[in-house]
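Asks: Protein chains in written order, with the numbering used here: chain A, 506 to 630; chain B, 506 to 630; chain C, 506 to 630; chain D, 506 to 630.
A few of these clues could be false.
All copies of an identical chain are treated as equivalent in the list; a pair is satisfied when it fits inside any one copy or across any two copies.
Under the rule of at most 30 Å between Cα atoms (straight-line distance), these lysine-lysine pairs were calculated in the BS3-like manner [said to hold, decoys possible]:
| id | residue 1 | residue 2 |
| --- | --- | --- |
| 1 | Lys-583 | Lys-573 |
| 2 | Lys-615 | Lys-573 |
| 3 | Lys-595 | Lys-573 |
| 4 | Lys-595 | Lys-615 |
| 5 | Lys-628 | Lys-615 |
Since the hints were derived computationally from the structure, they do not count as laboratory data.
Protein chains: 4
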Amino acid sequence: MEMEVRDYELDCEQIVNNANYLHYMEHTRHKFCQAAGMPFFEMHRQGIDAVVRRVEIEYLSPLRSMEKFTSCLSLERKGPRYIFHQDIVKQNGELAASAQITAVILRDGKLTRGDELIEIFGKYL
Amino acid sequence: MEMEVRDYELDCEQIVNNANYLHYMEHTRHKFCQAAGMPFFEMHRQGIDAVVRRVEIEYLSPLRSMEKFTSCLSLERKGPRYIFHQDIVKQNGELAASAQITAVILRDGKLTRGDELIEIFGKYL
Amino acid sequence: MEMEVRDYELDCEQIVNNANYLHYMEHTRHKFCQAAGMPFFEMHRQGIDAVVRRVEIEYLSPLRSMEKFTSCLSLERKGPRYIFHQDIVKQNGELAASAQITAVILRDGKLTRGDELIEIFGKYL
Amino acid sequence: MEMEVRDYELDCEQIVNNANYLHYMEHTRHKFCQAAGMPFFEMHRQGIDAVVRRVEIEYLSPLRSMEKFTSCLSLERKGPRYIFHQDIVKQNGELAASAQITAVILRDGKLTRGDELIEIFGKYL
Chain A
506 MEMEVRDYEL DCEQIVNNAN YLHYMEHTRH KFCQAAGMPF FEMHRQGIDA
556 VVRRVEIEYL SPLRSMEKFT SCLSLERKGP RYIFHQDIVK QNGELAASAQ
606 ITAVILRDGK LTRGDELIEI FGKYL
Chain B
506 MEMEVRDYEL DCEQIVNNAN YLHYMEHTRH KFCQAAGMPF FEMHRQGIDA
556 VVRRVEIEYL SPLRSMEKFT SCLSLERKGP RYIFHQDIVK QNGELAASAQ
606 ITAVILRDGK LTRGDELIEI FGKYL
Chain C
506 MEMEVRDYEL DCEQIVNNAN YLHYMEHTRH KFCQAAGMPF FEMHRQGIDA
556 VVRRVEIEYL SPLRSMEKFT SCLSLERKGP RYIFHQDIVK QNGELAASAQ
606 ITAVILRDGK LTRGDELIEI FGKYL
Chain D
506 MEMEVRDYEL DCEQIVNNAN YLHYMEHTRH KFCQAAGMPF FEMHRQGIDA
556 VVRRVEIEYL SPLRSMEKFT SCLSLERKGP RYIFHQDIVK QNGELAASAQ
606 ITAVILRDGK LTRGDELIEI FGKYL
């Protein structure tokens with residue numbers, strides 16, 4: 506997925522603020538859900554919430570004003586947990602950030618074994 | 506300019522938070538500066554800052570999850586002030602928000618008559 | 506209400522980004538609703554939404570890193586509209602920003618005459 | 506450090522968006538630098554930047570509208586790296602989030618052994 510830095514995402518060191526990488530990655534996951542036929546918002550309406558439980562992210566090379574980048578995603582399942590491997594890649598191929606984001610599934614607020622989303626996500630595993 | 510709502514921009518009423526419309530419009534102005542041959546960041550490095558002095562914005566119809574929209578801009582000059590007329594238009598043609606944003610020009614922190622940018626912006630007036 | 510700039514609210518010109526003033530002012534309104542005995546979130550749960558219809562804001566003097574400021578609010582009613590007069594004042598008494606923010610009341614998504622909130626807000630008018 | 510959820514930080518599931526925890530933690534680090542006698546901004550002006558290299562964060566219990574919380578911080582040094590152990594604790598003592606944030610020191614853009622900040626941070630190690 507192609508994206509681009511917006512200047513309000515920079516901080517006073519003229520580089521993209523750390524928290525905004527999580528925003529880029531969240532938007533990428535929501536676009537992925539949409540492409541898989543189950544918009545995030547629709548899940549929520551059906552009482553199913555995919556909730557982030559853990560984030561591990563390495564910042565390797567900072568993004569700057571108006572820079573274009575590619576946001577990549579692959580999905581793995583480990584028991585009840587879904588693990589999103591997400592990379593932010595610069596146009597020259599350099600890695601800007603690399604993350605492993607663990608989500609669990611809640612149905613009506615209760616933790617499930619994660620099978621709710623297997624029909625939708627199964628083909629990507 | 507085509508854009509799309511990102512879910513982190515929604516607030517607890519499930520509609521885009523007011524402040525994010527200013528972000529959309531700022532990003533549109535910076536893309537406009539870039540297209541005009543003078544990236545905002547480059548201006549700043551040359552000691553020229555276009556600073557927002559006044560915003561008038563009407564919110565007409567809320568944007569929702571993942572909605573696509575068009576961000577439109579036209580430019581007017583009134584003495585030392587540049588006035589950006591900016592509309593956010595939904596895909597069905599409905600107006601989501603309409604704003605008039607007044608900017609002034611500072612050179613090395615001092616207010617100028619605004620002539621610095623006339624070469625770049627002149628063709629759009 | 507006393508507040509303080511957080512560094513992630515600065516933009517690449519080292520001053521607080523325009524959109525964040527709307528965040529400060531929104532938070533002040535929500536604290537005001539809470540103090541008046543009707544948290545915003547509780548209103549929303551009762552089917553009553555106060556929706557911003559129009560913002561007019563003047564930016565007079567920029568806020569900088571870690572600066573402390575006072576966020577002031579007074580309320581006026583004009584027919585169905587509630588108008589919040591909101592100022593951001595620096596510690597030296599200088600005005601950083603001054604805004605007039607117009608809200609209307611929706612009950613279950615439909616515009617009302619605004620009487621829902623008169624019991625709560627009446628004493629502040 | 507005492508803080509409070511602002512409603513614009515909630516997302517469409519009515520809980521604080523993941524990225525905002527990084528904002529809370531960053532603000533806590535910057536307040537810590539200020540209290541230690543070296544505001545972050547002043548460091549930057551002297552050519553010293555503390556840059557986040559890695560974040561590991563667990564989300565344990567979501568924060569909700571207007572909730573108050575305490576943001577805790579302790580500091581450890583491992584070779585050239587400074588590791589901030591940061592917890593977000595609810596008023597009932599429950600842990601909302603727990604993170605380990607690794608920063609490295611750049612002088613004029615080049616990685617250093619981290620000794621620049623030992624005078625300031627030494628007493629907290």
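Asks: Give the relationship of Lys-595 and Lys-573 under a CA distance limit of 30 Å: within one copy only, between copies only, both, or neither.
Replies: Answer is both; intra-copy 7 Å and inter-copy 25 Å each pass.
Asks: Within, between, both or neither: how does the pair Lys-595, Lys-615 come out at a Cα-Cα threshold of 30 Å?
Replies: Classified as between: cross-chain Cα gap 21 Å, same-chain 39 Å, threshold 30 Å.
Asks: Taking 30 Å as the upper bound on the Cα-Cα distance, should Lys-628 and Lys-615 be classified as within, between, both, or neither?
Replies: within (25 Å within a copy, 43 Å between copies)
Asks: At 30 Å max between alpha carbons, let me know whether Lys-583 reaches Lys-573 within a copy, between copies, both or neither.
Replies: neither (33 Å within a copy, 34 Å between copies)
Asks: How would you classify Lys-615 and Lys-573 at a CA-CA limit of 30 Å: within, between, both, or neither?
Replies: Classified as between: cross-chain Cα gap 24 Å, same-chain 39 Å, threshold 30 Å.
Checked against the numbered hints above, the structure breaks only hint 1 and satisfies the rest.
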